[in-house]
Amino acid sequence: MNASLRGFMASRRARLVAILVVATVAISVLAVSAAGSSLSYYVTPDEFAKQIDVNDKRWRIGGRVVEGTIVEENGRPVSFVIQSEDGLQKMDISYDGIKPNLFGPRAFVIVEGVADEPGHLKASSVIIKHESEFITSTEPASTTK
Amino acid sequence: MNVLASIGAAALITALATSLFACGAATAGLRGGRPALVVLARRSWMATGLFMTVAIGSLMVALLRNDFSLAYVASVSSREMETPMKWAALWSSQSGSLLYWTWMMSVLMAAFAWLTLPRIPWGAAHATALGSGVLAAFLAALVFLASPFEVSRITPADGVGLNPLLVDKGMLIHPPFLLGGLVSTSIPFVLGGAALLSGRIDNAWLRSVRNWALLSWLVLSVGNFLGGWWAYTVLGWGGYWGWDPVENSAILPLLPMTAFLHSMMVQERRGMLKLWNLSLVAAAFGLAVFGTFNVRSGLVESVHSFAKSDVGSYFLVLLGIVIVVSIVLLIWRGPQLKPDHDFDSLLSRESGLIINNYLLTAIALVVLGGTLFPVFSELFDNSRITVGPPFYNRVVGPLLIGLVALAAIGTVLPWRQAAPATLRRRFRVPAAVFVAAVVVLAVFGMRDPFALVATGSAVVLVYVTLREYVLGTRGVRAARGSNWGAAFVSLFGRDRRRYGGYLVHLGFAVMAIAIVGSNVYQEQVRTTVAPGGSFEAGGRTLTYEGLRERPGTANGVETEIFAPVRVSKGGEEVAYLEPGRRLFTNFPQQPTGIVALDSSLRDDLYVFVQGWDANGVAEFHVFVNPLITWLWIGGAVYVIGGLIAFAPVRVQAAERREVAAPTAHQQA
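Taken in sequence, the protein lines are chains S and W.
Residue numbering for the first sequence follows my numbering, beginning at 1 and increasing consecutively.
Residue numbering for the second sequence follows my numbering, beginning at 146 and increasing consecutively.
If you're looking for bench data, these hints aren't it; they were derived computationally from the structure.
A couple of the hints might just be wrong.
Simulated DEER-style distance windows between Cβ atoms [stated by the list, open to error]:
hint : chain 1 : residue 1 : chain 2 : residue 2 : range
1    : S       : V114      : W       : V585      : 26 to 32 Å
2    : W       : G479      : S       : A26       : 41 to 47 Å
3    : S       : S37       : W       : T688      : 55 to 61 Å
4    : S       : E47       : W       : V585      : 15 to 21 Å
5    : W       : R622      : S       : S37       : 54 to 60 Å
6    : S       : A26       : W       : F572      : 34 to 40 Å
7    : S       : A18       : W       : K714      : 51 to 57 Å
8    : S       : A14       : W       : D640      : 30 to 36 Å
9    : S       : N55       : W       : D489      : 43 to 49 Å
Sample of chain S residues lacking proximity to chain W, with all beta carbon distances greater than 10 Å (derived) [what the hints assert, rightly or not]:
hint : residue
10   : L16
11   : A23
12   : I27
13   : S40
14   : K50
15   : E72
16   : D92
C-beta atoms are modelled at their ideal positions from N, C-alpha and C, and glycine is treated no differently.
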């Protein structure tokens with residue numbers, strides 16, 4: 001170690017830098033380990049259907065709630081079917097949590113949870129996605145010119 | 146022809162023209178050395194605020210007059226909506242919120258041009274060129290990509306009405322504060338940019354930026370608090386912060402702004418961190434632009450996000466420009482930004498402030514990284530992987546505890562350096578308070594090590610902060626012989642920044658305690674009850690009385706169905722709560738929940754009814770959230786402290802005198 005480097009290492013600035021480097025390593029390790037345990041894979045129902053092994057991961061799946069498939073228990077949705085935007089791929093969702101505001105038929109939802117078999121997800125959370133145009137099941141009000 | 150739409154659209158285009166003119170005239174005036182042009186540019190920049198006020202005013206009038214020929218009005222409002230909700234409709238959707246955002250920016254910039262430009266002759270032209278350029282960029286998005294003044298070919302008889310989720314009084318204050326906070330980061334950015342462009346990179350820009358940075362930080366803080374409060378009282382999941390990508394976007398600019406308010410003191414006192422301070426204001430503005438991009442991009446899935454649109458990609462380009470220009474300017478001036486001093490000691494206030502900045506930056510990077518994780522994973526792995534709330538809680542939690550502890554340590558640490566004996570003396574009592582707090586909490590049954598350290602640190606922060614007030618008051622009394630009350634009040638007059646700042650720390654400590662309490666000790670009860678049945682939650686008995694219906698009166702509410710609950714404790718009725726669900730005429734199958742709360746300083750009984758069957762058998766989800774009220778109390782103390790910390794007028798008068806006598810730094 002030459003003299004100038006030794007001088008730098010002894011300086012207060014270098015000691016502060018060393019502390020911050022150690023802290024950065026610690027935070028990075030913490031972040032990587034925390035991320036590893038809370039990852040979920042975000043897919044469409046079509047992509048989910050193509051997965052071979054679905055058991056070892058958490059999934060987030062976005063789809064539209066199919067009308068007439070919501071099964072309620074005391075008014076709380078316990079299972080429903082979602083479909084991809086093109087309507088070609090459907091999948092069953094079972095859910096055991098809080099009924100989100102605006103949940104209903106044809107709402108676009110993002111469900112998150114684990115899969116126990118292909119085509120079925122046990123969701124632990126359901127998020128309703130905002131849309132610029134809300135879906136109304138009533139016909140638009142009469143119009144005037 | 147629609148008069149309001151025409152006035153609004155014309156005002157928008159004029160505002161774009163005046164801001165572009167301001168940018169061009171300031172640049173030309175600067176290059177040609179023609180001060181008259183710079184004066185004209187300043188006026189034109191201020192006029193932009195006026196035209197934007199006309200624009201937003203005409204949209205507001207259109208909303209109030211139910212002018213459904215405007216597509217925007219028809220999509221967010223309806224005849225029977227109450228006036229306050231029509232105000233909320235102004236910023237409830239894509240183009241309206243962008244209009245509000247740009248109007249806010251134009252008004253803040255006009256205020257800045259009026260109040261601050263005359264005090265910064267060294268950089269007035271640069272600030273005008275940069276600020277009006279930024280404003281023009283946002284105006285262009287409004288004029289060309291998302292105009293709220295589009296007229297429908299067919300005028301509907303009535304509008305669709307406000308999105309049911311937004312029919313809430315909180316919508317009247319939460320979005321304006323949050324958007325205002327995001328927008329206000331532009332002023333420190335403009336000042337920092339003016340310093341870099343003009344080469345006046347000493348402390349001159351810092352003196353002018355302080356109140357603007359404080360304003361931005363305060364409004365952002367209030368916006369985030371109100372967001373948490375809104376989520377808590379409306380969404381029904383019993384919490385106030387869910388690490389939703391858009392919540393993250395809202396808190397991101399607050400972190401570098403908070404860091405800046407701390408690190409600017411190091412530059413003022415010790416002439417260090419010059420480059421860093423400029424980087425922080427650039428980062429805050431960059432993150433604010435990232436936030437506006439994020440909600441409109443379809444990049445992240447969130448309860449808050451707007452539908453994917455062209456505006457998203459436009460903002461991405463804008464964000465790219467802000468980042469590249471900031472980096473280029475910082476690299477260009479970097480060699481001139483040398484510190485005046487080195488550290489005297491690691492155990493000094495300035496080191497503490499640097500570690501504070503480090504922690505805030507680390508939190509910002511973790512939150513940004515988590516928010517962008519799906520984007521990165523798609524780039525590298527071709528799969529969209531998201532990280533959930535546990536990630537943020539596990540990583541940000543310890544960093545926040547560090548921040549609380551550091552605020553306590555930093556209050557005690559002296560500037561520069563101190564003899565080891567002095568340090569030992571100063572830290573002896575706070576250390577004892579920490580140990581005592583931890584022991585007492587452990588005796589009372591707190592076992593979670595994180596909760597112990599966090600609460601212990603927060604208690605020490607409260608202690609050292611109160612001690613500063615006591616010592617200061619005693620000092621004033623000794624000097625002037627005034628009574629305790631008068632001496633205490635005069636403290637704030639003597640050093641508003643310091644004693645206001647301590648109050649912010651006090652509020653922060655109280656909030657930290659409330660966050661620990663409500664997270665670690667939350668209880669949940671989920672149960673199905675028939676009418677007349679009872680259940681227990683949080684030491685109370687809840688008796689369900691059967692469903693009741695109340696017809697809706699306004700704002701698209703068809704009907705409200707309640708599941709009233711009598712709450713009793715020890716046989717005595719303590720509260721009557723009406724949780725329920727709200728059904729909307731235009732969205733019949735998408736009800737929202739009505740949360741019922743019984744708050745006390747000890748805990749909140751948070752009752753949410755999931756639904757019911759044909760016989761009225763209802764399912765309740767009850768949360769017992771300890772100490773939540775303290776979160777709002779802490780937030781209020783924090784905000785009051787922030788208000789006190791604004792620089793008084795006489796400091797600004799001193800600045801003006803300094804401007805009158807230019808220094809050698811000043812460039813021609």
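Quick rundown of the hints versus the structure:
| no. | hint | verdict |
| --- | --- | --- |
| 1 | S:V114 <-> W:V585: 26 to 32 Å | 41 Å, violated |
| 2 | W:G479 <-> S:A26: 41 to 47 Å | 29 Å, violated |
| 3 | S:S37 <-> W:T688: 55 to 61 Å | 41 Å, violated |
| 4 | S:E47 <-> W:V585: 15 to 21 Å | 54 Å, violated |
| 5 | W:R622 <-> S:S37: 54 to 60 Å | 55 Å, holds |
| 6 | S:A26 <-> W:F572: 34 to 40 Å | 24 Å, violated |
| 7 | S:A18 <-> W:K714: 51 to 57 Å | 56 Å, holds |
| 8 | S:A14 <-> W:D640: 30 to 36 Å | 34 Å, holds |
| 9 | S:N55 <-> W:D489: 43 to 49 Å | 59 Å, violated |
| 10 | L16 | 6 Å, violated |
| 11 | A23 | 7 Å, violated |
| 12 | I27 | 6 Å, violated |
| 13 | S40 | 6 Å, violated |
| 14 | K50 | 12 Å, holds |
| 15 | E72 | 6 Å, violated |
| 16 | D92 | 20 Å, holds |
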